[in-house]
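Chains as they are written, first to last, in my numbering: chain U, 1 to 891; chain Z, 892 to 1179.
Hints are not guaranteed to be accurate.
Unchecked claim - Okay, derived cross-link-like pairs now, DSS-like style, lysine-lysine, Cα gap no bigger than 27 Å in a straight line:
#: 1; chain 1: Z; residue 1: K1070; chain 2: U; residue 2: K200
#: 2; chain 1: U; residue 1: K747; chain 2: Z; residue 2: K1153
#: 3; chain 1: U; residue 1: K313; chain 2: Z; residue 2: K1153
#: 4; chain 1: U; residue 1: K556; chain 2: U; residue 2: K488
#: 5; chain 1: Z; residue 1: K1070; chain 2: U; residue 2: K54
#: 6; chain 1: U; residue 1: K43; chain 2: Z; residue 2: K1153
#: 7; chain 1: U; residue 1: K886; chain 2: Z; residue 2: K923
#: 8; chain 1: U; residue 1: K38; chain 2: Z; residue 2: K1066
#: 9; chain 1: U; residue 1: K43; chain 2: Z; residue 2: K1144
#: 10; chain 1: U; residue 1: K47; chain 2: Z; residue 2: K1066
#: 11; chain 1: U; residue 1: K556; chain 2: U; residue 2: K99
#: 12; chain 1: U; residue 1: K556; chain 2: Z; residue 2: K923
#: 13; chain 1: U; residue 1: K47; chain 2: Z; residue 2: K901
Stated by the list, open to error - Label pairs and their calculated CB-CB ranges:
#: 14; chain 1: U; residue 1: D233; chain 2: Z; residue 2: E1080; range: 54 to 60 Å
#: 15; chain 1: Z; residue 1: P1002; chain 2: U; residue 2: P376; range: 31 to 37 Å
#: 16; chain 1: U; residue 1: G279; chain 2: Z; residue 2: P1060; range: 26 to 32 Å
#: 17; chain 1: Z; residue 1: D999; chain 2: U; residue 2: G736; range: 42 to 48 Å
Please keep in mind that the hints were generated in silico from the structure rather than gathered at the bench.
On a predicted model such as this, the values are computed, not experimentally measured, just so you know.
Using N, Cα and C, we set each Cβ at its ideal position, and we do this for glycine too.
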Amino acid sequence: MAEKITHSICVGGPIAIHTEDGVIRRVRPIVFNETDPKGWTIKARGKEFTPHRKTSPAFIALTEKNRAYSYDRIRYPMIREDFVETPDGQNRNTDNRGKSGYRKATWDEALSLVAREIKRVQDTYGKESVTAITSSHHSWGLLGYKLSTFARFFRMLGYTQILDNPDSWEGFTWGCPHTYGYHWRLGGTEAFDLLEDALKNVETMIMWSHDPDTTRGGYAGNESTMWRHWLDDLGVQFIYIDPFNNFSSVKQADKWFGPRPGTDAALCEGIAYVWLTEGLYDKEYIAKHAHRFDEWADYILGNGADRLAKTPKWCENETGIPAADIKALARRWGTTKTMGGSGLRGGFGGVCRTANGTEFARLMVQLFAMQGMGKPGQNIWSGTTGAPMDYNFWFGGYSDPLSQIANQPIADKTAVNCVTQKLYRPNLPDAILDGHYEWYGEGFCGGGIDQEFTEHVYPEPGSNKVHLFYRYGGTFMGSMLDTNKWVKMYRSPELEFVVNQDIHFHGESRFADVILPACTNLERYDIGEFCNSGNGGYQSHSQTGCSWQVVVFQDKAIEPLWESRSDYWIFSQIAERLGWGEEFTEGRDELAWCKRFWEKSDLCEKISWEDFTKKGYYIAGVPEDWERHPGFRWFVEDRPCDTPNHKVFQEEGRLGTFTGKFEFVSESLLYWAPQDEVRTPIATYKYSWEGHHSLKAKKYPFHLISPHPRFDYHTQHNSSTPWFWEIPENRVYINGNPYLVARIHPKKAEEKGIKDGDLILLFNERGSVLCVARVTYRVEENTIHAYGSSGIYNPVKPGECSMDIGGCVNVLTPGRLIGDMVPGMAPNSTLIDVCKYDGPIPQGQYFEHKLDKVAKEGDADAETCVEIIEGNGFFHMQEKIKNKAKEAVKK
Amino acid sequence: MRLGIAIDSKACMACYCCYTACKDEHCGYDTKLSASQPMMGQFWMDIREWERGDDSRHIKVATVPTPCSHCADPACMKAAKDGAVYKRDDGIVIIDPVKAKGQKAIADACPLGAIYWNEEKQLPQKCNMCAELLDDPNYLSYLGAEYKKPRCVEACPNGALVFGDLDNPESEVSKIIAKNRVTQLPELEGKETNVVHLNVPTVFLSGTVYYPEEMEEVCVGAKIKITCRKSGEVFEAITNDFGDWEVEWLPKKENVEIEIVKEGYAPIKLTALTDTDHYLGMTYLTKA
């Protein structure tokens, strides 16, 4: 057998792909040999620490073969059965979107229809009447990922851009720049070189709303797991604070606190009270580096406007954590060298996605400041970033404008969008359904604090509304809130034409008029670096979440399956039909674009194009005595900032706030939003608009928390990989449908007559989701835990706001923003009730028959979804492809 | 040579890389050494997890990746007819996918439940330590023969799975075993196996000690003494900064007496049965 080995990256990390006779045989981690550089060695506390000589992708990366041959692949271009191409865009049975099935179309038919509709809509209503948005992370690579090919096409076309909200770190983006700056890191901290600092100095780790082995530093796979084992073995104490005793916690925690969801800011205030009354904070540091600290301290101690001391007893009443334990936590933190942070890279976590998210994020920063942030062993560092790296080697990340084919220098000509009108993702359905929407901010506000306060109106004066929606990816039904709002939007006749371009038949795909099948990363060329999200207003140097800096030539392992095509091919075909194909491609094919990224980065100085594409990857080694720029050390030591991602004013030793100090009373909020009651100049704990003090709590007594998923990434792996449906902590496969696990405390389960493994209904006024009960002490009595975004959106009555059996718990979450001036989303401020489900158990998944029908149209012998999931369908598919390849060779 | 895998339950974070790599290798592909693992229903690398504790105040989870143990004297081999199960010279236990057809007794014989019965193919199936890859001279030839490992081991990011020659005391696997607590799974007690489990927990007892309730203070430094009634064996602990105490690795199913001592306060006596992990509650001291 002729075995070929190529390489690629997906959101779970870099992989080696073995291919035999034109089909993928296996997917492995990339294992280094003697030709690859030596890894770094950190010497600390009498020991030496060095990483394994391989990449450590997450298990989701090891499913890439299955995602390619998945039962839910979109195999052919498809057109909605009852779609009518009326010349005026009216009477198109839009109400049936989600409900109707599809018919197989040819590429020419589908592409010509899309091009005709784009032209018709733009000719009728203007350029701005087309809108489009991408999902995140269903693929990886500087060419194919969303900010490159997609952006090039739509900027050249002209369209109403939909601004992304900072969906994973809301409270940090909207809160922390007002406390310590770092708007250019979206409110996240600078954790450079803190792994070494931690190994040498730290005694206590505070993991606040943080499950590092689940969120894996974003896209860093399991690279940092070993680091936390090292710390554990050194005797470092791990304290986890999370309403769910999460997967890292149950293995590693020395202590777990489960505050009532949404009350973490109260816990911050309780800790501060203990420190203030017992003198357990760095007074010298605060005197020097804090702004209006005393006013805040007065507030905590009961001398503020509310005359309420934030005592441990008060804190106990809000959080449910005993006062004595709160004091113990405060003392441990205040008397030992402590590092910590919230979620993913330290400035994320489920808490920041609550009604009180900004205030928690700001208070958490204030607490770390009170302990002398930046001194050895004292910092915001969450154990997931800050590995040594060669800062002098540059290869772009996906958000770098310099690393996108939309821009120079990669392209000869930069693509510029001629439309200024915008929409805002969390409220896209509101804007479409109401025809009007106003909001503050630029979504990701990496360009400056002022960007949080820009005012937007849709439709923009003088502009038309949007009537064509081009959706690239399809995971918002699962990852965005109040799913049924999106259902209503898709059924609206305001959207005269809906295109979906995706790899798998996701929730949103099933609402499109035309579906264009894209291929996976393994079926096309691309180039990319492990966990590098770039520096385009994102958090730069995210690749320090990895033990190794790895750039991969994402070789085409196999030909596109069925009639799927690369995103680049699809967009260039439409561009050609619109008459600007040549301008779009600049005469380059995908491989030629890949080479541009090599040529325009430092990679071309390190390895030749031929060697790089032959070997498949390049490891940027770390020099023996690497440059060290520990985060915040410059600030403590009163010298110009030397970290690799700083702003000019930091060279005067200042932070990015108005005063250059930690602002305990925010001058920027006093300037821009003094009247805002959600995010106040002094960060304070406030009752949630959907929390235990709400009237609604009487009817819906449980907090639902739906953090970032452990067994998925934005719904993209759970749906395509039935292997995961039998992981007991993830799903239970019953009657052909994988039900998501929801966790409930044994006492409450007993009250409700629920036993472990029972089907239970999670419900509130927004909808209902059928899950399987996991009865566990890992949640407190007030909490139900079910992972967000792990939804296979699967309503019992497709196209309607009916019960969901796919585990799309965002059916239940509030669609409103955190506040009028705080345009973030807050899924973890959700109240629900639960009951045992005694209704009929559905058979199978409701969308499979639609796929089966089109598959059979393309090939009478095609395997059905169920045959691929449960039977020998996978084996047959691969055999058929192999035989075809063999026949082709014979001919 | 005796090939084996050491599995460290402490290092395992249940990340499911081993599980996924195993499925990736064996689902959908027949080899001479095994029929393909069905897409659903079999777990040649089964991650067994159980929640430890009976109170939200102190909960842990044990994670134990559990493949076939490749016993020295396999029960499945004894149950097999026509040599349908055989042990190779390197110690790997193989179920012959042709000869084993119809022999459900092979699956039933496994004390660990690591052999699965394939109803459709009428075949017992299990982990074969990726023997077909270890045998294949071409597999990973681009790296070198020394890089060949079972897929689960290669995919483990934490060094929780280590592969090698158990007969060679210098091998990585032998060294890991020597350094750690060997914890044979209860189902395999007394058996010699080529898969060696390390640090699989037994039972803990734990609790929290507070000063008198009105003080709202945890008690740091209280002494805990656990005495097994039958054996007289003694375990000791001291409450930490959170007033918590915990004793791991207790013998199972023992009646024990617990004494909590803090100078100036009346000693407190509790009893417990180590049938399973227990949190003995929030204990409040009273003045002596």
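Each hint tested on the structure:
| no. | hint | in the structure |
| --- | --- | --- |
| 1 | Z:K1070 x U:K200 | holds, 24 Å |
| 2 | U:K747 x Z:K1153 | violated, 33 Å |
| 3 | U:K313 x Z:K1153 | holds, 25 Å |
| 4 | U:K556 x U:K488 | violated, 39 Å |
| 5 | Z:K1070 x U:K54 | holds, 24 Å |
| 6 | U:K43 x Z:K1153 | violated, 40 Å |
| 7 | U:K886 x Z:K923 | holds, 23 Å |
| 8 | U:K38 x Z:K1066 | holds, 24 Å |
| 9 | U:K43 x Z:K1144 | violated, 44 Å |
| 10 | U:K47 x Z:K1066 | holds, 18 Å |
| 11 | U:K556 x U:K99 | violated, 36 Å |
| 12 | U:K556 x Z:K923 | violated, 30 Å |
| 13 | U:K47 x Z:K901 | holds, 20 Å |
| 14 | U:D233 x Z:E1080: 54 to 60 Å | violated, 29 Å |
| 15 | Z:P1002 x U:P376: 31 to 37 Å | violated, 53 Å |
| 16 | U:G279 x Z:P1060: 26 to 32 Å | violated, 56 Å |
| 17 | Z:D999 x U:G736: 42 to 48 Å | violated, 28 Å |
Violated hints, in rising order: 2, 4, 6, 9, 11, 12, 14, 15, 16 and 17; the structure is consistent with all others.
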